[in-house]
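Put together the whole structure using the sequences plus the hints.
Chains as they are written, first to last, in the working numbering: chain A, 1 to 274; chain B, 1 to 293.
Keep in mind the hints are simulated off the structure, nothing from the lab.
Careful: at least some of the hints might be erroneous.
[As the list claims (entries may be wrong)] Here are the computed distance ranges between Cβ atoms for each label pair: (1) A:THR39 x B:ASP61: 18 to 28 Å; (2) A:ILE159 x B:THR48: 31 to 41 Å; (3) B:LEU75 x A:ILE14: 21 to 31 Å; (4) B:VAL76 x A:PHE45: 29 to 39 Å; (5) A:THR39 x B:LEU280: 50 to 60 Å; (6) B:ALA7 x A:ILE13: 21 to 31 Å; (7) B:VAL159 x A:ILE14: 17 to 27 Å; (8) A:THR16 x B:THR129: 37 to 47 Å; (9) A:THR39 x B:VAL159: 20 to 30 Å; (10) A:ASP170 x B:TRP188: 22 to 32 Å; (11) A:LEU163 x B:ALA213: 49 to 59 Å; (12) B:ILE194 x A:PHE45: 35 to 45 Å; (13) A:PHE75 x B:ALA277: 49 to 59 Å; (14) A:HIS5 x B:PHE206: 14 to 24 Å.
By construction, the Cβ of each residue, glycine as well, lies at the ideal position given by its N, Cα and C atoms.
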Amino acid sequence: MKPRHGLTLILLIILTVIFLFPFVYLIGGALKTNQEALTQPAAIFPSVPQWGNFAEAMKVIDIPRMTFNSLVMTFAVTFGQIIIAALAGYAFARLRFAGRDLVFVIFLATLIIPFELLFVPLYLMLAKLGWINTWWALIVPSLANPFAIFLFRQFFVTIPRELEESMYLDGAGYLRTFWSLMLPLAGPAVATVFILTWLAEWSGLLKPLVFTTSSEMWTLQVGLNFLNRGAQVSTPTIAYLMAGIVLASIPPIIMFLIFQRRFVASIAQTGLKG
Amino acid sequence: MRERLHAAGWGYAFISPALILVAVFLVLPIGFMLYISLHKWGLLGAPTFVGLDNFVYLANDDRFWRSIVNTIFYLVLAVPSQIGLGLFLAILVNKKVLAREGFRTIFFIPLAISFVAAGILFTWMFATTPIEGFFPRLLASVGLEFPRWQTTDAGWAMVMITLMNTWKSAGYCMIVYLAGLQGINKEWTEAAAIDGVRTQWQEFRFLTWPLLAPTTFLLVVTTVIFTVRGFEPIFVMTQGGPAGGTTTLVYYLFDKFPDTVGIASAAGTVLLVGVLALTLVQFLAQSRRATYY
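Spelled out as structure tokens, the structure:
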């Protein structure tokens, strides 16, 4: 067995080098001067690290403003989805009402509709409402997530009914039972929806690209795309672009490392990545 | 009776936010898209009913047919490569080697980077125009020429997109396969050894691979859908070029927006039918599988 594991380890090390190389090259590129990035792309590391690039990149595009926009959109959608989906999931799992199962099936069917085709009619609707280039357009259409509702329902179904019945005997209503018993119990489901939605919203380009028109409303992804197009055609700002990518990638990597176990567990369970 | 009505009242109250949002922002737009697909509609001015003209336009548009071929080409490249690499990684990190948790994190972490960031980074590493990036220079230093994927060679452009996508998504396949591998009973492996399964390859071929079939199937379904939906990788790396060679169906739709929303909606309708068909195939295959095993 020993030599086999030796081979495994060698293969793993080779693959690690391949997987980490883009990160290393990114950080190296972010620390070169723009001139050096352009003329010495074969060098992985800068001759003199330019730590000022991060501040300079912020002057080219308003990274603090875009980070703020990304954070507001991402957290608003994430928390909104959790509350709305948990409420609905609880009702689908526990409360009896006419048409419940039919509505649930319709919700499930909408799971397959990709945003990549939905954005065309949505854009026209939002334009009619006057929501284009507002927070409303970035947040409200994303609040309903049938997948999150499904996840919460499946989770609530597994919780023993006895716990709720003791709440009802104490005279608690459905809202209080939901709020002070069921939602706290649903910690794993909350964490799953949180990390999947958070990463998807943070990383998404199409929605903020199409639904915003002025740079004050841009998210980081739109800003990076803009900077990239500029870097290709006119000014040599490759190093700033790399610095911008580093800055934009720090929040999701932190989130990822905090929630790694939950993230891995949720992918293993559902086979979906949001 | 009053108790049940009470529960029903709260039930409706609890689902109403989700119900309104799903109705307004998911169901209504689909109906609206079907409506627009039957109209000639620029962003300005009133829509005029044109029947199936937009679909006739699609049927006669070479770029549309090419976008379908390109989507299939992208699927053929991207789906097997991420699933294959994911399986390989899963088998490696499933062994009791040194620091395997660390290796798992490393293969998994590209998932946290956005497609925009990864797309820009890979474009720059593989750039051939206007200047040569890291890998073209590396090849040049040993006397080889890097394919001109940004200017002439669309096939290679799709390969570059696939490389980026594989780097970003293999870790996801690895995690799903790891869950599948951990479901394989150790006793089966031992029984197989008694039955004459000797080499690691034989164990993989006759035991692991067949037992992982449900996992592979799940991964094929999800990665096919994610690949068909892939907009960012193409928008960031090639913008559908060179010469429309990487314009997939999703990118074609985006390209028709917002000047010809009618045509974009007709393309969206085709895409919706495609996604529905994929889901149906998945459903049928799963129910057959259930009776087979």
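Cross-check of the supplied hints:
1. A:THR39 x B:ASP61: 18 to 28 Å: 43 Å, violated
2. A:ILE159 x B:THR48: 31 to 41 Å: Distance hint for ILE159 (chain A), THR48 (chain B) is violated at roughly 55 Å.
3. B:LEU75 x A:ILE14: 21 to 31 Å: Given a distance of about 28 Å, which is inside 21 to 31 Å, the answer is holds.
4. B:VAL76 x A:PHE45: 29 to 39 Å: Since the Cβ atoms of VAL76 (chain B) and PHE45 (chain A) sit about 38 Å apart, the hinted range of 29 to 39 Å holds.
5. A:THR39 x B:LEU280: 50 to 60 Å: 54 Å, holds
6. B:ALA7 x A:ILE13: 21 to 31 Å: 59 Å, violated
7. B:VAL159 x A:ILE14: 17 to 27 Å: 21 Å, holds
8. A:THR16 x B:THR129: 37 to 47 Å: 31 Å, violated
9. A:THR39 x B:VAL159: 20 to 30 Å: Because 27 Å falls inside the window, the suggested range holds.
10. A:ASP170 x B:TRP188: 22 to 32 Å: 50 Å, violated
11. A:LEU163 x B:ALA213: 49 to 59 Å: Violated, at about 39 Å.
12. B:ILE194 x A:PHE45: 35 to 45 Å: At 54 Å between Cβs, range violated.
13. A:PHE75 x B:ALA277: 49 to 59 Å: 37 Å, violated
14. A:HIS5 x B:PHE206: 14 to 24 Å: 22 Å, holds
When the structure is compared with the earlier hints, violations turn up for hints 1, 2, 6, 8, 10, 11, 12, 13 and for no others.
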